[in-house]
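*Asks:* This is what each chain is made of:
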Amino acid sequence: MSDVSTDSAQKFNIDTVENAAATPDVQLPWAELGLKQNEYDDVVKVLGRRPTGAELAMYSVMWSEHCSYKSSKNHLRQFGEKVTEEMKKDMLVGIGENAGVTNLGDGWAVTFKIESHNSPSFVEPYQGAATGIGGIVRDIISMGARPVAVMDPLRFGAIDHPDTARVMHGAVAGIGGYGNSLGLPNIGGEMVFDPIYQGNPLVNALAVGVMRHEDIRLANASGLGNKVVLFGARTGGDGIGGASVLASESFDSTKPSKRPAVQVGDPFAEKVLIECCLELFKGSLVEGIQDLGAAGISCATSELASNGDGGMEVELTSVLLRDPTLTPGEILMSESQERMMAVVSPGNVAAFEAVMDKWAVEYSWLGEVTGTGRLIIKWEGEVIVDVDPRTVAHDGPVYDRPYARPDWQDALQADTFTGSVQDAGRPATPEELKAAVLELIASPNMCSKDWITNQYDRYVGGNTAMAFPDDAGVVRVDEETGLGVALATDANGRYTFLDPYHGAQLALAEAYRNVATSGAIPMAVSDCLNFGSPEDPDVMWQLAEAIRGLSDACMELGIPVTGGNVSLYNQTGSTPIHPTPVVAVLGRFDDVARRTPSGWAEDGQAIYLLGTTAAELDGSEWANLRGHLGGAAPKVDLQRERELGEILINASRDGMVDAAHDLSEGGLAAALVESSLRFNTGARVALDEVAARDGVDTFTMLFSETQGRAIVAVPRSEEVRFNDMCTARRFPVSRIGVVDAAGGALDIQGLFTVPLDELREAHEGTLPKHFG
Amino acid sequence: MTETPLIGSYPAGQGGAPLNGARIGVVTFPGTLDDRDAARAVRVSGATAVELWHGDSSLGGVDAVIIPGGFSYGDYLRAGAIARFAPLMAKIVDAANSDALLPVLGICNGFQILTEAHLLPGSMIKNDHLKFLCRDQVLRVENNATAWTNAYAAGQDITVPLKNQDGQYIADEKTLDALEAEGRVAFRYVGANPNGSRRDIAGISNAAGNVVGLMPHPEHAVEAGYGPGHTGTDGLGFFTSVLNTLLGGK
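Just so you know, the protein sequences line up as chains A and B, in that order. Just so you know, we're using the numbering used here here: the first sequence kicks off at 1 and counts up by one. Just so you know, we're using the numbering used here here: the second sequence kicks off at 773 and counts up by one.
It is worth saying that the hints were derived from the structure and are not from the lab. Glycine included, each C-beta is placed from N, C-alpha and C at the ideal position. Among the hints, erroneous ones may be present.
Label-pair restraints from in silico Cβ distances [claimed, not checked]:
#1 A:S318 with B:N1016: 56 to 62 Å
#2 A:P537 with B:A964: 30 to 36 Å
#3 B:A964 with A:D160: 25 to 31 Å
#4 A:S222 with B:I897: 49 to 55 Å
#5 A:R721 with B:Q928: 38 to 44 Å
#6 A:T416 with B:Q928: 38 to 44 Å
#7 A:P406 with B:I897: 54 to 60 Å
#8 A:P430 with B:D929: 54 to 60 Å
#9 B:N1016 with A:D450: 36 to 42 Å
#10 B:A926 with A:G105: 56 to 62 Å
#11 A:W408 with B:I897: 53 to 59 Å
Just chain A, same shape as in the assembly (with noise of 0.2 Å):
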């Protein structure tokens, strides 16, 4: 092996820093490695000098936005401000690391984080949508746990456009094909078709794993001597460039493709990795430990010596390669999957080795910790890197851009849904009423996504307690106790658009509500901020709008950020995509028996709807399906969301209600059919009083998106117990139907009646109707 190294290493004029000291005007190819003038000028600042093509290929990805935050960075740090001391209490590990850690109690901890994998997803969907899990899979084991769950929230294109077929087939088919193989759950996401992702769809991943306290490991490199090791998969040629070129530019159809940038992933290498990982950290045979994702050796080794103590030596050569050919700079910035590098006492080297072996994990010694406070690579014993890896790693450039409220902003929010020419004909009739039902849940956002969660393993690891479509996924951490752990994701990228700061926290607000009704305990939030090009003030102004509102709910709702991504430039040409701040609540269960289905099943209980409804119709899906979007998004009452929550919460625990779902999209309308479907039992409801009560006609009661509402179905035993814990609650509560179960049909008093089998074939038929 070492010949072929060797072999190479002398086809290559090797710039070593001695040469480029000589040489300081040489041109280098920094404008396409991604970089701009001010950036390449601050790299030789830095230097001293100019840099080396494998220093160039460093700074040049580790200074991407995807890997630095250099525009999002000046506005993030709200997430870290606000934040009081209430909030810290169970946060054991904040932003910064690979992933926040959770404490869960009884000695157990949780780490969840959410990324994205945009746009290698849109240029070579199966592989982009595959290797985002096996990214975000690789941070959770990182940071020493067991990945025990992922979910994936979804956006393409218009659902009848050619290209959203292949998108959606490639990816979904790629989430299955590497998630299924990994042995991870699939408990939940979003799947979301509007034409604004045509060219920009959203590919976003997230994972959750669970450790105990004394198992928590962080990416640095600390003690003088200890070995540097980079393990698992051979290093290749794939993903150069990935984050740099890839994922922190717009598409533009004039330039060559970009499909050598995407990495491709293979599940089984990351399946054995896991597993491996494990089994060192059982072992307690790694000192510190980090994934090789978006820009590979250069990020690894550069956070880890910029994390520790000290600085680190390794050889280049020593990395096991794919591609005899791959220059030191494709080395450095090669993104192929399924590695990781770690840190390893001298006197763990041999245990450390025995677990390689066992699981016939491939692994290279390439170099030590030293006291340097440096970070120098050789090519053949030849210095080509020699930089302090802080000012690779955490000292990238910072920009802070400007950002203005778009000038069409104030025409966009005059123009309501009530009163435009695509309200015209509003259904008011029981028949139109019926039709207008039917057509809601058949629609491309409101239908069943059975076609796509029927793709996904939600069993393996027998710990799955609810998955999709019930609001909240839920896993089991403990199977003595039953202590586990609630997840969702939620973000609606037309509120976003109408009203950035509200948008974001109606986003943080839905998650919030769904952890709730699955009865499980708000703790943290991870996001995943998904927006056009920051280049664009007014995309900037979204950005920072989303990223203050969001800080600002999380502060009143008591629940921190404990990591995400930003993910910039998904615009095509000069239009981005809505802002979609998707975001991710964690919640917690002392046990998962008492979680909380979205539907009914048990004839005869009662059902309630907690909340009141207003007329607020602009950004929703019914508008949205009559092609309009314009005006305020439904307004945000956080104080209004925290009580919903203790009251659902609270009703789960003390076996008050024994079904629940939250109102969103959709409205009343979705949720009624929704629950009814859920265990295939009906309802018999009647609105009328409920609607006078909040003076709304029948088609708001049933299509407004009003906030913080929920239904419930509760025992006739407890309803006592659960109307006198909303009064005294000062919580709006009404009785608005019954749990029907021979009735075999939805039935909207006074209105309609649709038997299931109806609703059903209307709501599971579109999706495969379009993608087979």
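Since the structure of chain A is provided, determine the placement of chain B on it from the hints.
*Replies:* This is chain B only, laid out in the frame that chain A set:
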């Protein structure tokens, strides 16, 4: 450092005294996914689960073996094609064919491995709809006289999860006729055939009835709240069946 249990692995000595000391091995290959789940099902049934490693050359004196689901060796080449050459598989084949009639259950990838190892006839190809499919599946117990099905009634319908990409059971007509004639079709899919399997076959046994393979996952229907429909535990019968067999009841 204290050794802490991973998800899905119980601390030693937990769960009370194992039933009559029955020890049931669960094989792990690189790429196996449902091994912890199979071990949990064994424990729930009252027996002791024993971890077996594919590279081992001894069965460690276990009383029965489960080859769980997953993607052994990534299912590269063909599902189960590489795993059958593991050192432990030779031991399993010998023990299953010996007079001792070691009970062997292959679930999903385990079933695929058993066909590759020629303990069971036929093979699995990609689902006819070409997609991975995960759903709750009704099965009819066609033969309740095997080591792994004797706790069920003949003709009983049970619901367990189904989840696979390569689940379409195929064999030549002569083999299928022989399986039917000898009563070796252990399970059939009820309702719509989920993958195009010949004659709706979900699982089969060998002639002696000690080796059973099926594509659906009974180990995911042993605890109320974690199986089909939030309540289903229909899969537990597999694991109590083998205890009946080992205790000489059936």
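*Asks:* With reference to the structure, classify each hint as holding or not holding.
*Replies:* For each hint, the structure was consulted:
no. : hint                            : verdict
1   : A:S318 with B:N1016: 56 to 62 Å : holds (57 Å)
2   : A:P537 with B:A964: 30 to 36 Å  : violated (55 Å)
3   : B:A964 with A:D160: 25 to 31 Å  : holds (27 Å)
4   : A:S222 with B:I897: 49 to 55 Å  : holds (52 Å)
5   : A:R721 with B:Q928: 38 to 44 Å  : holds (41 Å)
6   : A:T416 with B:Q928: 38 to 44 Å  : violated (60 Å)
7   : A:P406 with B:I897: 54 to 60 Å  : holds (55 Å)
8   : A:P430 with B:D929: 54 to 60 Å  : violated (41 Å)
9   : B:N1016 with A:D450: 36 to 42 Å : holds (37 Å)
10  : B:A926 with A:G105: 56 to 62 Å  : violated (48 Å)
11  : A:W408 with B:I897: 53 to 59 Å  : holds (56 Å)
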